[in-house]
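Engineer: Here the protein sequences line up with chains A and B, keeping their order.
By the count of my numbering, the first sequence reaches residue 262 at its end, each step adding exactly one.
By the count of my numbering, the second sequence reaches residue 127 at its end, each step adding exactly one.
Mixed in with the good hints there might be a few duds.
Straight line, CA to CA, 16 Å or less: simulated EDC-like cross-link-like pairs of lysine to aspartate or glutamate [claimed, not checked]:
| id | chain 1 | residue 1 | chain 2 | residue 2 |
| --- | --- | --- | --- | --- |
| 1 | B | K93 | A | E219 |
| 2 | B | K93 | A | E195 |
| 3 | A | K177 | A | D148 |
| 4 | A | K166 | A | D148 |
| 5 | A | K214 | B | D92 |
| 6 | A | K251 | A | E138 |
| 7 | A | K166 | B | D92 |
| 8 | B | K25 | B | D92 |
Derived from the structure by calculation, the hints contain no laboratory data.
As a plain string of letters, each chain reads:
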Amino acid sequence: MEKESIEVFINSLSNFYRQIGAAEVSVGVPYLLDANQPVASDFTGIIGISGKRRGCVYFTCPKAMLSYLLMSVGESEVTTEHLCDMVGEIANTIAGNARKEFGSEFMISVPVVVQGVPENIHLPDNTRCVVIPTKWKSYQSAIVVALE
Amino acid sequence: MAETMKRLMIVDDSMIIRRRIKREHGLENFSVVGTASDGEQAVALARQTNPDLITIDLTMPNMDGIDAIPLISEACPTAKILVVSALSDKATAIQALSRGAQGFLCKPFTDEELQQALKELAED
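Extracted from the complex, chain B is given alone in its bound form (with noise of 0.2 Å):
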């Protein structure tokens, strides 16, 4: 019997980043469900699909990720987040942390660490 897809999101509010994620993630048995430019979109679109991973940036315009995060693990309780962000202080990701992201990602990353990323949370 075939394996349940699991279900990818990614919100950024840079097109080339989503692209490159959803390109370049590396995770077998996932499907992109969904992408969004702002922590807004991301928490409509996190209610309507009820993705297993997620990936957040920071910074971005109407609400940013800090603020969609907890929103986000509200809707989704048993979604793992990451966050991708070039906000590169510890007070930062720890704050991130502690609204409910379970990793942080700092940008620039490479395809690897980005697929690394992932798998450490899709496997957690």
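This is chain A alone, in the form it adopts within the complex (with noise of 0.2 Å):
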């Protein structure tokens, strides 16, 4: 996967943060993936790819986390329908967002929320799967992306 698609991906996350008045995201280094060993914390929030490109984008992160974003957007309450609605809206927002650069031809369907950690999550195949992880506070998240 080009740079600049890592990029828009990095960009997209950085803006959700920055617009709910939360604190700027650090980005590591992103590394190429094993399809058989995915990566996935307590949430995942999971949006098919179709169209020009194909395969799946994921934001996954820890529950403390969530919970905090959650008091940030003014949800007083934190129950796992919450948690699942927050990471869901997270990952529609980040591949929504790449549409600014990829195209309508970019289609993204309704996220598919996992909880817990999967004993796998199928990616598809003959794709590169990059993960770039991130750190807001003290959490560490990723994006995974598999697009062929």
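Take the two lone chains and join them into the complex the hints point to.
Structural biologist: Encoded structure:
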């Protein structure tokens, strides 16, 4: 995957944090992922990609981080439903904002949310999977981009 | 004599976004008449409540916002529709506007941006 494509997703996530008035996110060095060993934290929001590009984009992070983000957007309740909704909305925002660069043929699905660390997340065959590690406050999270 | 309350309808598959818009819309003289989590529900709710102002997401299950907007416009021809979506490409915004929306607010948004976008449509 081109460097520019990775930057699109980093910019989308940075924009998300900026808009909710949160501190800057720091981004680690992206690395290639073995499709058989997907990265996953407590909650994962997965967006399917179709159209000109095919594959998926997902965002995964710990429960404590989502709880903090929920409070940042004014939510007083932190239930599992809220946590799943939040991680799905972050994934939706990251993938949706990428259309500014990739155009409307970068078609995105509604989010699918996985709770807990699954045995595996099926990543599409013939894709290069790039993990973009991110850190916000003390919380480690990641964007994983698996596109043909 | 008390002024008649106007009706705001909120459509988004994210509960957090629906709750946030309900809490932060900042419109005086508007009451939220209902919320929907997909396009099908939105069309039915619009027919039932005849809202004056609607916020609608685009990426939703069952029926997306792009398909729901013309149906809502047909059911409520005077309703103003604000798209609130993460889809940030120009082609999508143009498509939504050509189908009957009057405004477009890109996610993520601040409370101030939401209030400004809604106020502009409400006063239009």
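Engineer: If a hint holds in the structure, say so; if it does not, say that too.
Structural biologist: The hints, checked one at a time:
1. Only pairs whose Cα atoms come within 16 Å are accepted, and K93(B) paired with E219(A) is accepted, the gap being roughly 12 Å.
2. For the hint linking K93(B) to E195(A), the alpha-carbon distance of about 32 Å lies beyond 16 Å, and the restraint is violated.
3. For the hint pairing K177(A) with D148(A), the CA-to-CA distance comes to about 25 Å; that exceeds 16 Å, so the pair is violated.
4. Using a Cα cut-off of 16 Å, the hinted pair K166(A) and D148(A) is violated, with the two alpha carbons roughly 24 Å apart.
5. Taken as a hint, the K214(A) and D92(B) pair is honoured in the structure, with Cα atoms around 4 Å apart against an allowance of 16 Å.
6. The suggested pairing of K251(A) with E138(A) holds, with an alpha-carbon distance near 8 Å, which does not exceed 16 Å.
7. The straight-line distance between the Cα atoms of K166(A) and D92(B) is roughly 15 Å, inside the 16 Å bound, and the hint therefore holds.
8. Distance restraint check for K25(B) and D92(B): the Cα-Cα separation of roughly 26 Å exceeds the 16 Å cut-off, and the hinted pair is therefore not satisfied.
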